[in-house]
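Asks: The primary structure of each chain is shown beneath.
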Amino acid sequence: MALTVVSQIFPREMIPAVLPLIEDKLQHSKEIIRRKAVLALYKFHLIAPNQVQHIHIKFRKALCDRDVGVMAASLHIYFRMIKENSSGYKDLTGSFVTILKQVVGGKLPVDFNYHSVPAPWLQIQLLRILGLLGKDDQRTSELMYDVLDESLRRAELNHNVTYAILFECVHTVYSIYPKSELLEKAAKCIGRFVLSPKINLKYLGLKALTYVIQQDPTLALQHQMTIIECLDHPDPIIKRETLELLYRITNAQNITVIVQKMLEYLQQSKEEYIIVNLVGKIAELAEKYAPDNAWFIQTMNAVFSVGGDVMHPDIPNNFLRLLAEGFDDETENQQLRLYAVQSYLTLLDAENVFYPQKFLQVMSWVLGEYSYLLDEETPEEVITKLYKLLMNDSVSSETKAWLLAAVTKLTPQAHSSNIVERLIQEFTISLDTCMRQHAFELKHLRENVELMKSLLPVDKSCEDMVVDASLSFLDGFVAEELSQGAAPYKPHHQRQEEKLSQEKVLNFEPYGLSFSSSGFTGRQSPAGISLGSDISGNSAETGLKETNSLKLEGIKKLWGKEGYLPKKEGKTGDETEVPPVPQESIIMENVDQTIIKKDQSQVLTQSKEEKEKQLLASSLFVGLGTESTINLLGKADTVSHKFRRKSKVKETKSGETTSAQNMPCSYFSSSSDVTYEDDYYLDTLQDRGDKELNKFSLNSELLDSESLTELPSVEKLSSCTLSTPSLFTDDMEGLHSPSSTAASVANEISLASSLLEETSEHMHSDLVEVCNNETISVSSYKIWKDDCLLVVWSVSNKSGLELKSADLEISSAENFKITEQPGCCLPVIETESIKTFQYSVQMEKPFTEGNLFGFINYQMMDTHSVQLEFSVNLSLLDFIRPLKISTENFGKLWLSFANDVKQNVKMSESQAALPSALKTLQQKLRLHVVEIIGNEGLLACQLLPSVPCLLHFRVHGDVLALWFRSSCSTLPDYLLYQCQKVVEGS
Amino acid sequence: MIKAILIFNNHGKPRLSKFYQPYSEDTQQQIIRETFHLVSKRDENVCNFLEGGLLIGGSDNKLIYRHYATLYFVFCVDSSESELGILDLIQVFVETLDKCFENVCELDLIFHVDKVHNILAEMVMGGMVLETNMNEIVTQIDAQNKLEKSEVRMESALGNEGRKHDHELCMMCSFHRLSFSITL
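Top line first, the protein sequences correspond to chains A and B. Under the working numbering, think of the first position of the first sequence as 1, with each following residue one higher. Under the working numbering, think of the first position of the second sequence as 1001, with each following residue one higher.
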């Protein structure tokens, strides 16, 4: 009973406490208890997968349990795990197939039958697992064909449950690697489903058809009539399923009819979810297959007016982009736009019709951009219409901003503009600050017609605006401010941390603010600052203040144009419009000096940040001496580094061109410079000839054999973690290797020479033979470099013959990222020589252990090629490196990490004292000891490439209290597991 | 897995609700209300599956329901469960109830909620189907009932004996506990 409770809602913190008890229950004599225990463990797996990873073997045992119930329970677990990672369980396919064969064959005891069907639920589960396993994998699928055929045959249609099995069968057949006979049978089954008078079966039949239709559209043709009937079915669910089916078979010919049907359904339904879903589908279809312009615009109009404000924001954005960018044919474009404008004008003419806000926004943009295409109507008339809308109370302020922007765009084309003046008058006194600002902008633009025309050209919406996202034009200003003693900008998170640490200075004393003079880097890079401001602009706190900038961001297409506005404001010198912060006017002027093109919203963001920053600085630095100011400056830099990386990702995603990317570019170019030098060096080396080369590789081998004798002491490793710069660049070259032109021989030399260096400088594991035969033997060892794990395979030719076209390949594994080092394919391996292959491996997501598989191909003299497979086991520890940080940085990082794990571990007696425990951890896990304070210790390490993890531990008697924190959610659990092993094991 | 099991009558009065994922009281009520709303307006001759609601987090979920006399049995499951399989599971559940209560009706569910929960716990554990064999479930339930009765008897026996037999009581208590750990 308690097991049942356990599997209900259960806090993850309690799992370690109960886990052993439940594991014991797996051996219980009663099957029901074993079964429940398995399910409880599964529940744990769901809650915290990394805490129960060591019991996977026990699941396997449960799968082979003599009782069917326990086996069935374990299927739940496997279904889940296979869903996550199907490749890891391919080897179990055989046993699943056998189980299913037994079940289908009626080998189970009679009490598992349900309506004379043997264990239907079990069958369903198994079929699903097989479907997952066999996906796109011919070899595993072949194993299944027989049993699937069998179950299709056996399923006599007499009860619901058999239909269920049949349905799963069909599903599986279609998801695995196809086999024509089975497909035929499955198709027949689907036919039975669809034609069945039972409504549930019909529903499933339609569902099955939807799966199948992509592979075999002809099947739909067979059931045409049924589908048509279903369309008019009274049950809305059936109808929707049919539409889903139709959506899949839509093409250019039938689009009109299908969309028509969809719109009909759309008008009837009231559920928000359905509307959102369907509207998305219609829009997608319309974009893909639209037969002509009029139809397209009308469909989109219908979509907008029905979908309204609930639909996904992508739809109007895509639509506008389509309009703006158009197709290849320019006249086509013009027609499309003209039609859109006309249709919107007619729509606006209609009295007393309320359109959703999104629709109005789309309309206003289109009218603003393309009204000039109209012949018969003047811009004034369009403006009048927009004005009418603006005065309408039911229009939201965001939409009003769109409308006003459209009016602004139309103003230069209009000749007389009474309405515009009236509009300006009304909105300059508007209570809405955003509207007031827009109105002011318009007003000033009108005063300077020349500028306005150049700013708002006709039909230029698609031209790329270079938005300087990094705000580099502010660099000068920032530098100036900094030199005047202003504090550098700190990102939001850091500020909070600092506040925290100041408030709780007592609590965090061990990591404390004991300001040492380390980490001083002097001038902060301005790009870092401005990007930081971008980030905090996203954060909720600042976001609230900046309604302006957020608004503008929503209106993507207007962005670039609005960006011009502030420039003009500065020139006319009119400062009435500048928001009521006095400081900002100064900033504006400053900005003006360096301005090229800019985005107003960002200026506002920046200036506000600036102000906030200064306020904060004044509050922060009370009571702190100059020294600490410097210190904080240094730290801000390190933090901003980290954020910069993040923001880079974000920006590349949004596809904006930012000057921020120049930063890493220059970084790389400097390194590649070094590389070229290296190449030059290598070229000179090359001249010395091949003999030399052999010597090099032999030399490295020599070193290897030496290293065999000495055990890798990790202390040494930690001593050489801070490698010399020259070595670093050497590594860079190995990784990036930009010089593809360099001769392969040169590469070999570099390989050999770098190997020389590496083996002397880095720690490496013993040479282990992974596979061999009479001619060659392959052995491998790992080199734990600072920035990556190098796995080196050395292939030695034992025979007296030359080996041709030897090639070593490593199959890609799910958790690893493998980078091939240069020179991996050797044309010839000479007699009794040794060649090495290097791969640098990086871990993509943490896990305890994994295997790297590979094979080597070679060809003997005049014989066929031989292939030899091997595998290398890599554990998490291979990717852990010490992280050298100071205590105060430790404190900072500690606060910034959200994921923590605590655990008490009992130590063996031999190492009950802190120093010895520390030493074991340092040696076995390669952790860096940051500081030891009394009976507490701070350790830090990082998972390559750069996921830090911090460890705080305290000794009470013989109990070690471990406390992990990391930015990665799963890493602490894995590390804890390793620590436990180390501490308890020794 | 099964996300929730709900039973309510034709008027939307919940008779049993079991959630296999943590929800706040309010959301639970909300879910029950919405589910009833969705289910009750459907005709008798439409299919027993409902899809694409937003109710229990995500479009992945399906409602599978059956209507018996005055009661709706609704299972909310995710995509990893087979529709027809669940439909039959409901059938098994109801038949088991019928066996345990001998002609089950709505009143049984009201007055013996604990029993119904016990039966459900034997069938579904933490959202996973545990046992689908009716006889097996009935035996387990019977065993539990027997245990319950013996406990009641023991308690009353203890009450009669009074305080004289303190020592015995201790013994019995420990025995009692033992029997509990056996049923674990």
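Please keep in mind that the hints were generated in silico from the structure rather than gathered at the bench. Don't take each hint at face value.
Where chain A lies over chain B, by a calculated footprint (3+ residues, C-beta under 8 Å) [claimed, not checked]:
#	stretch
1	1003-1012
2	1117-1128
3	1131-1141
Non-contacting residues of chain A with respect to chain B, defined by C-beta distances greater than 12 Å in every case (computed) [claimed, not checked]:
#	residue
4	S95
5	Q123
6	I165
7	K202
8	E241
The beta-carbon is built from N, C-alpha and C at its ideal position, and this holds for glycine as well.
Asks: Against this structure, judge whether each hint is valid.
Replies: Structure-based check of each hint:
{"no.": "1", "hint": "1003-1012", "in the structure": "violated (count 0)"}
{"no.": "2", "hint": "1117-1128", "in the structure": "holds (count 4)"}
{"no.": "3", "hint": "1131-1141", "in the structure": "holds (count 6)"}
{"no.": "4", "hint": "S95", "in the structure": "holds (20 Å)"}
{"no.": "5", "hint": "Q123", "in the structure": "violated (9 Å)"}
{"no.": "6", "hint": "I165", "in the structure": "violated (8 Å)"}
{"no.": "7", "hint": "K202", "in the structure": "violated (7 Å)"}
{"no.": "8", "hint": "E241", "in the structure": "violated (8 Å)"}
Against the hints set out earlier in the document, violations occur for numbers 1, 5, 6, 7 and 8.
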